[in-house]
Every structure is written in C-alpha cells, then in structure tokens.
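**Q** Sequence:
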Amino acid sequence: MQKQGDEKLFSALRRILRPIIRVLIARNITLQATLDMLKVLYVQAAEQQLMDDGKKPTDSHISVMTGVHRKDVKELRNRDRSVMSPPRQLSIVSEVLATWAGDPKYLDGQGKPVLLPYINKENPQNSFFALAESVSKDVQPRALLDDFVRLGLGNEDPVTGIVSLRADAFVPRDNWEEQLYYFGKNGGDHLMAASANILSEKPPFMDRSVYHDGLTAKSAEELRSLSVDAAMKMLRVVNRKAFELSERDKGKDGASHRINLGVFFYSEKNNGGGDDK
Numbered sequence: 000m001q002k003q004g005d006e007k008l009f010s011a012l013r014r015i016l017r018p019i020i021r022v023l024i025a026r027n028i029t030l031q032a033t034l035d036m037l038k039v040l041y042v043q044a045a046e047q048q049l050m051d052d053g054k055k056p057t058d059s060h061i062s063v064m065t066g067v068h069r070k071d072v073k074e075l076r077n078r079d080r081s082v083m084s085p086p087r088q089l090s091i092v093s094e095v096l097a098t099w100a101g102d103p104k105y106l107d108g109q110g111k112p113v114l115l116p117y118i119n120k121e122n123p124q125n126s127f128f129a130l131a132e133s134v135s136k137d138v139q140p141r142a143l144l145d146d147f148v149r150l151g152l153g154n155e156d157p158v159t160g161i162v163s164l165r166a167d168a169f170v171p172r173d174n175w176e177e178q179l180y181y182f183g184k185n186g187g188d189h190l191m192a193a194s195a196n197i198l199s200e201k202p203p204f205m206d207r208s209v210y211h212d213g214l215t216a217k218s219a220e221e222l223r224s225l226s227v228d229a230a231m232k233m234l235r236v237v238n239r240k241a242f243e244l245s246e247r248d249k250g251k252d253g254a255s256h257r258i259n260l261g262v263f264f265y266s267e268k269n270n271g272g273g274d275d276k
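Each residue of the sequence shown is one higher than the one before, counting from 0 in numbering that gives the first Met the number 0.
Hints in this document: simulated from the structure, not taken from any laboratory. All the given hints hold, so there is nothing to weed out.
Simulated crosslink set (DSBU-like; lysine-lysine; CA at most 35 Å straight-line): (1) Lys73 <-> Lys201; (2) Lys232 <-> Lys217; (3) Lys184 <-> Lys70; (4) Lys249 <-> Lys184; (5) Lys54 <-> Lys184; (6) Lys184 <-> Lys7; (7) Lys73 <-> Lys184; (8) Lys232 <-> Lys268; (9) Lys70 <-> Lys54; (10) Lys184 <-> Lys55; (11) Lys55 <-> Lys251.
Okay, the calculated beta carbon distance ranges per label pair: (12) Leu12 <-> Asp212: 20 to 28 Å; (13) Arg21 <-> Lys249: 40 to 48 Å; (14) Asp252 <-> Thr33: 38 to 46 Å; (15) Arg165 <-> Lys55: 48 to 56 Å; (16) Leu114 <-> Arg21: 27 to 35 Å; (17) Arg207 <-> Asp51: 25 to 33 Å; (18) Ser10 <-> Phe242: 34 to 42 Å; (19) Leu114 <-> Arg69: 49 to 57 Å; (20) Arg223 <-> Asp51: 36 to 44 Å; (21) Val262 <-> Ala100: 37 to 45 Å; (22) Ser226 <-> Pro157: 41 to 49 Å.
Glycine included, each C-beta is placed from N, C-alpha and C at the ideal position.
All chains should be modelled from the sequences, with the hints used to inform the complete structure.
**A** Encoded structure:
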C-alpha cells in the first residue's frame, strides 16, 4: 500500500520514467522484459542495503523489503552478476519482423523478404494479415501494421495496400551503442547523485540547473548556443585539472575514486501542462 506522503515521490518517478519508457517503446522492449529487470534490481538494491547496514542479507529479509517472492529472490541472487542485463525480449512487432525476414515462405529466390498485400483474397496465407496472425492472435493485424510503419520498419502503399519491409530494418541507428553507453553512464550517475542527496546525511553532491519559460524558439536557441559554449569551457577546465590530479595520484594508496561531471541542455514547447505532465 502506498504510504501517505509518497505522492511527491511517485510524481517525481513518473517524470523520470516517462522519457525512459519512450525509449523502451521505441526499441520494442516490452513491459514484461522491464518488470523482469526491475525484480533483479530490487533484489540487488535490498541486498546491498542490508550489507551496508551490517546485516546478513537473507532471502526472507530481501523478500520482505522488496515484495519479490522468496523463491524468486533465491534464484535472482544466484544469477551471474556479470550478465545481469538480459537480451532484449522481442515484442510482437519484432517477432513479425524476424519471421518475415527469416521464414523461407516469406522470402524470394535471393533470400530477400517479399512484398505482401495486407489482405490477399486469392491466397489468404500470402498476406501481412496472415503473417501477423501467425505470430499472435492477441493483437489486431492492422494495429501491428500501424506500429510497424511507425517504427520505420516498413511501408504500406496507400493505393495498392502492398506492405514492404525496409531494406535497413535490421540496421541500428548510427552510434546507437555509443548513445546507449552514455545514456546509462551519465543518466545513471546523475540519478545516483540526486538519490544520494535524498538518502544521505553527508554533504550533497552538486545538482543545479537554470530553468526559464515564456521564451520564443529564437531565444531558446540563443540560450542553447550560449550554454554549449559555457559548458564546453567548463568541461575543458575540469578535464585538464582531472588529468593533472590523476597523474599526481598514480601509484598512491586510495587512488580508487572516480568522478563524473555532466552537463545537459533541454528545450521544448511548453503546452501549459503541470510539472507532472
């Protein structure tokens, strides 16, 4: 049961999670895959908290703290920590894509995906409708096709109804792995700093921002340019000093700390919604 007074926490969580969920949806990562990962993270966090408090992290204690069933806790704690990020589970759209590009009955003589009419009255099995239903009968084929097009995986000719698979449907976005690396590293460290400020009695980590609204697009762009210039100057200064100190600290006892100083700029049209919109 949600405790009274936690409304502001959940409001903050909605703001944090909403853009992350947009990324998950864009990459066809399902709710179930996310829930499985969250169970692992809950167990890990509770286990670490108990150890930090000098207590023995038993399965029962972790289960009580997290709400994860004790049998699941035992299994999750025994997983190899080096492979705690499972491969992305295929959504129905991804399964349609994989079937179309891999099943011989949907390939031509050169092994390329054939064009498919959405519905084929003469040969019902040779259609996108049949392909979608072969993967799942829980979702309407039209809804799957709309999502397919939205994700840029294929196209439907508005006149003929012929559906085609994009040649680069399997090609990831440029520098996608690099973007994900910094998405996790910088976003994760920012949240670690903010979380530490909430949970710890120690001096807070720096976490400041400049916020203004009521601006034109031109003014927002001017501020973006100013921010980039100022931020890059700061990062160069700090980076030079960090390099100097790391050289000085080489070989010293206790030289095991790391730092991450990050900057970001975000701008959008304010549609008048509340902070939690």
